[in-house]
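Chains S and P are the protein sequences, given in the same order. For the first sequence, the numbering used here assigns the number 4 to the initial residue and increments by one for each residue that follows. For the second sequence, the numbering used here assigns the number 11 to the initial residue and increments by one for each residue that follows.
I should point out that these hints are in silico values taken from the structure, not numbers from a laboratory. It cannot be assumed that every hint is accurate.
A few chain P residues that face chain S, going by a derived Cβ cut-off under 7 Å, partial list only [stated by the list, open to error]:
hint, residue
1, D15
2, G54
3, V95
4, I102
By construction, the Cβ of each residue, glycine as well, lies at the ideal position given by its N, Cα and C atoms.
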Amino acid sequence: MENLLGHHHSHSDSPVHRLPAIVKLGVALLVIIVTVLLSIEEKSWFIAVGILLVLAACLSRIPILFLLKRLLLLAPFVLGVALINAFEPSTRGTWVGVAVKSTLCLFTVILVSNTTPFSKILRVLKMVRVPALLITTIALMHRYIFVLADEAVRMNRARASRTFVRGRRFQWRTVATVVGQLFVRASERAERIYDAMCARGWK
Amino acid sequence: MHIPDGFIDGRTAAVTGALSAAGLGLALRRIKRELPARRVPLLGLAAAFLFAAQMVNFPVLGGTSGHLVGGVLVASLLGPSAAVVVVTAVLIVQCFLFNDGGVMALGANIFNMGIVDGVGGYMIYRLVSAALPGARGRVTAVAFAGWCATVLAAISCAGQLAWSGTISWSAAFPAMAGVHMFIGVGEGLISAFVYAAIQRTRPELIPENNLPAQPRRRGEMIGYGLLAALGIAVFVAPFACSWPDGLEAVAAKLGFEHRAADPIWPAPAANYHVPGVHWAVGATALAGALGSFVVCGLAWLLGRFLVREQKSKLPPA
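With the hints as extra help, turn the sequences into a complete structure.
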């Protein structure tokens, strides 16, 4: 998860990065909806989407290895469902279709999220009238994910360097205390943020 | 439990999207009316907390580790409506920033993890903590609700996959429910440990300690209850009573699909299907029923263990 937080290519520069966010999100949504709804027999659509995605990936100048690594994150769910399906002959045929569809959709979202800064995605969400309270929540969350994740890692490191545990039970209690403390700190920070927001004219 | 795109079909995506939108709308309206402005930033921070807390690993047997999922914990700390909004925010960020969970499947994921896990877990939490009053009862309630909600969300997820025709119900239900009966034990344990830690260090953050008589939230609960029940009825009920996909396989095998209008379904299903698979469905349901009693007892013991230690540390009056 840490390397997930670290590397992101959404702030690089390329022709794909420079496209307006609403166009990218719109096209991505269209591609995903049609891909999910179409039956797997319509091979030409899937090949066309594949070519489009590869083209966009090349134009965006994101390292291919990075994209493939992100794609592999899907593997646990796909493999799990494949394993379940292996026991059931009646649905084995649909399986290839599901794998192709989910890979194409995932690749689309990976490309969009790595060529569009999240704040621009939020602006599009605001434009399509997502409720303001939800937008505020998401914006604050996005702002403080990295702060709190960092805090969690620091607190856990401090915990690990100070507790020499006898048994698992004691370890669980101290780790749980770290998580509890993280919540306490988050709620204290929320109070301070509210004061700061009020001081700057938020109503 | 994040469903990727392509695993559920358009029909399921539309139904779950509508249910989630209704639930989210209800939650946002409740919050606008009831939550003081002071607490609005807490929603965003709680979402960030949930995300960060999922990065803290708890050691399990032999080098593996688990982490908190947290819908029930957030619901017990902030209330059900806040939990729906917080979990939705987490899912949207996970989808668009970290590509975890699909865009078309967002409705299904919000339904499973926000409404079934968060609100369903909150209902169980309130029921158990009403039966067992006090801090000890609340820790028990969090532990039990964490387990139940995880299993319920897994069943709902299995139902959606089966409804889309991705996996058959007779394979998805035992696998998903069975695995999550174990995962749920971890989730219940971690939630209870964290809840007890907050109760120990900052009891004023727990809503029940501030308001001695919590206002009854009957209207809210009825709204969510209807949504959750509707979803379960759509996704799970058809499989639980008539096994349509097993039946369709039988019909296809025997070559009488054209007679589908005839009431053929009561008799042949059990005879022509792989017996082990049906046995697994029944066994999983039975194990779930027995398991919920066992887990309830264990949760009660955990509550005693966690809260008694806390009391003995207090100086004698």
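Status of the hints after comparison with the structure:
1. D15: 3 Å, holds
2. G54: Result: holds, 2 Å to nearest chain S Cβ.
3. V95: 6 Å, holds
4. I102: Status holds, d = 6 Å.
The structure meets every hint from the earlier list without exception.
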